[in-house]
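Undergrad: Given next are the chains, with one letter for each unit.
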Amino acid sequence: MDANNQDLIDKKSLVEIQSKNTPSAMNTTPIDLGQIEVLQILNEHGEADQGLDPNLDAQTLLSLYKAMVLARAFDHRMLTMQRQGRMGTFAPSIGQEACIIGQVHPLTKDDWFSPSYRSFGAQLMRGWSMEQLMRLWAGFHDGYPPPKGVNDLPFSIVVGSHVLPAVGVGMGMNYKKQKNCVVVNFGDGATSQGAVSEALNFAAVYKAPVIFICENNGWSISTPLKKQSANEILANRGTSFGIPSIRVDGNDILAMICATDEAAKRARAGNGPTFIEAVTYRMSLHTTADDPTVYRDEEEVTPWEARCPIERFKRYLINKNMLDLDKVQEIQETCEQDAINARDAFYKMPPADPKEIFDHLYETIPEELKAQQQEYFKRLQNKGVGQ
Amino acid sequence: MNKLTMVEALNLAMKQEMERDENVCLMGEDIGVNGGVFRVTKDLQEQFGDVRVMDTPLAECGIVGTAVGMAIYGLRPVVEIQFSGFTMQAFDQIEQNMARMRNRTRGRYKIPVVLRAPYGGGIRAVEHHSESREAYWAHTPGLKVVIPSGPRNARALLAASIRDDDPIIFYEPKAVYRAFREEVPDEPETMEIGKANIVVEGSDITLISYGAMMRPCKEAVADLKEDHDIDVELIDLLTISPMDTETLCASVRKTGRCVIVHEGQRTCGVAAEIIARLNEEAFEYLEAPIKRITGFDIPFPYFQVEEHFLPESEEIVASIKETLDWQ
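In order, the protein sequences belong to chains A and B. Here the first sequence is numbered in this note's numbering, starting from 65 and rising by one per residue. Here the second sequence is numbered in this note's numbering, starting from 43 and rising by one per residue.
Isolated chain B (complex conformation):
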């Protein structure tokens, strides 16, 4: 067991899955010799060759569209889109073919494509490099949307996604790429897609988040415990779609209160969907209105001011206290 960063853990997942299955191949811009702009695919072309680790032309729509065809032909392409903001170039192929081909052909052609992309803010990047638009894909029938939060679950979820027969949008919180290390087992490990993880058990209030926002949430949970002896139940969603509604509802039925945090824009965002589900499934258990702390409905701001756009632990602490005080 080694202590790995998320970048190293993701690399390990791809390496082991490629060793395990010769139909697993990687496609993307600059992923070969360069190892990807974040080095997530470092050394994989050297080990597996340029047929299995393909540097593609600079065309996101082309990458996803050809990956769909390769999947139809029996391969399991893992596509890297350099930044999640560039997946918009591929919207056509994601929506028209990747998500719908199985349905269109009534199961004749499955599309086991994993689309990996770093998402989210916090690394002082130029425009289009800090997007958090997972809600688009959660809205698209036929896709699964997975967002890990740390090295160990990133490795296990990526391995599971590669083995999954459905098309998956796999967003990697790039603010976490090298933020910390975690022990990751040497042996291949997978996690079930579609299951949320209760990171901290608590009885006073439920806090739901995912991806990069798990870090300020964890800080908030620790502060609330230490300063106010408040027991927060912290849930890491891990899979945005299909959502683990049952775990969320069970927690809120227990605590009666809930705060949701994500950096993606608010309107029709993931929090809106969670609130709707809790309203349907746990309304009579609620002691207070559910609160959401999200990105605002504006384009992600330029990086001189991005820190003020992203939710922070102090605000999470304040929102939790406010929700607990509500009567």
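Isolated chain A, as found in the complex:
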């Protein structure tokens, strides 16, 4: 570990780290192996580093802002529905919108995305509808398959178990000589899973076009990072497998976009995987079944409110005269209404068909299973359901 990295360990949070050592995220020079760089473009006051600002066009910037506001509005709507007893347990991503949305923005439709379960904003960007995500978390089978034309893997509930298949998709791209890439995200807790280390190793050995986004939000349910890993710079995981790795301010959407975009270019050019540690914070619950007050001091959360990714980006856009407070209000209301409309549409969707549970396990249902299916149908009939 070099002196620069040692410094980072001593810092309390990423926002205290200046971007003076940051490489240009937009140039095409590959990130140096073995170096953990830190990328921040927007500071928490929404001021951009002029040398690093990608200067995205107004339309793109506004659409990104709307995507972040929508993701949060969706989370709040889902929380309300859950508290009303009309939604299952789910994992909110409040406070992580920059990271989640920034990582998929550089992807094309032919690139693939393999999310963890805390990825609403990204799934909406990729073409999932809010109604479908509601179906999914409300326990409907038809919520799970990625929509037609959306090259996403389903998220996994077993933490970290989706990362190896994502690498396999990347290996498949190499096999078929297709110049695309895969983004796979996982949390800090997942880095403790052996399967995630195996995934990093396979990607490195096969130069698979995979971008690993480690969303370090500080908590794995009740376990803080310091109890999860003795090496709290998780980007070191990447370098230890020979993967170019970078540490990014995960609450800075521009930094996330630039880092992922460069990693995607590297991947598509045949230069293999990149590991991005996105430092962020889980502002809310692990899931709706969780009560963080049992294990987390609220004082720890407060400073992160000032680092809110949406607030920061909003100030940047206001400074650029792309947004004013009226427009902010309008976007907020529109997004909240969109989430309400989705909820209403979701409530009008047909009930679950209990008859479908044997479908799709095999290409053709085996005889023995067919017999069990008939037994089950008989049970339904006796109960007078699913007619």
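Don't read these hints as lab results, they were simulated from the structure. Small disclaimer: the values here were computed from a predicted structure and weren't measured. Hints are not guaranteed to be accurate.
[Said to hold, decoys possible] Negatives, chain A to chain B, calculated, CB over 10 Å:
| # | residue |
| --- | --- |
| 1 | 158 |
| 2 | 202 |
| 3 | 240 |
| 4 | 266 |
| 5 | 289 |
| 6 | 347 |
| 7 | 359 |
| 8 | 369 |
| 9 | 433 |
[Said to hold, decoys possible] Across the chosen pairs, the derived CB separations fall in these ranges:
| # | chain 1 | residue 1 | chain 2 | residue 2 | range |
| --- | --- | --- | --- | --- | --- |
| 10 | A | 335 | B | 85 | 46 to 56 Å |
| 11 | B | 225 | A | 447 | 53 to 63 Å |
| 12 | A | 414 | B | 310 | 55 to 65 Å |
For each residue, glycine too, the CB sits at the ideal point set by N, CA and C.
Given chain A, put chain B in place with the hints provided.
TA: Quick look at chain B alone, frame taken from chain A:
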């Protein structure tokens, strides 16, 4: 038509399937230049290159997990796990993704992965090299479990497994790998997965087994015929899951008596499942309790004493006579 060992027959199946479909690829530890520790993939890397025949890092979970992803991307990976005991490292990916991805995505992503692994005892190997835990996979929804018993059916079943769109655990009886030769047609041949084979027709009693245990069973059947004029109907299961219940039941309805042999542990084993099915479907035809000869519920013993752990033909003969004498 050549006389091949099971190792050569399996090699032929993979070679022909790779020639037939460019999406068929092989993954595993030491399967390339080395041709696999049992040489089942011998010369295939030379013929097809290292993109299609991949020497992987030493990580079974990693191999299976990435194979699942490659299958999602349209490939048909044939994975070699060096010994079936090492599939436990991959349990996570087999159970969480390989077996369930089709169901999870409601048919959007099929997983045509074949996981090949040598299984069973009898070759004087170290610990974890003699396991016979097919019951785990038969218990796992979404998988098919295939176990051949000789060169010809090994070749035909492996070819069929590679063409099958569902994930398959393909356990190869390594005690049979080079034990004998059989005529295997040059032209590609497949067998239907999910069908048991009546190897010897008989009317006195049904004997059910699979894999390496088919050899002592065949010996027992020949001895019983020769010494006691007993006509045993011998059934080779071939596919453990989905099980060909109908063939088993039809035979027991005819003979009224049944003995089952496998080397895997007894509790919740394959024999237990067969007995349950016969109980459900052929109870009123039974003349005697069904007997099972299986591995005991202990870890596979070290090899100085392994021969005493594995079922032998004498015991099968005795069990059949006992079942026939029961009244």
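Undergrad: Against the structure shown, which of the earlier numbered hints fail to hold, in ascending order?
TA: 3, 4, 9, 10 and 12
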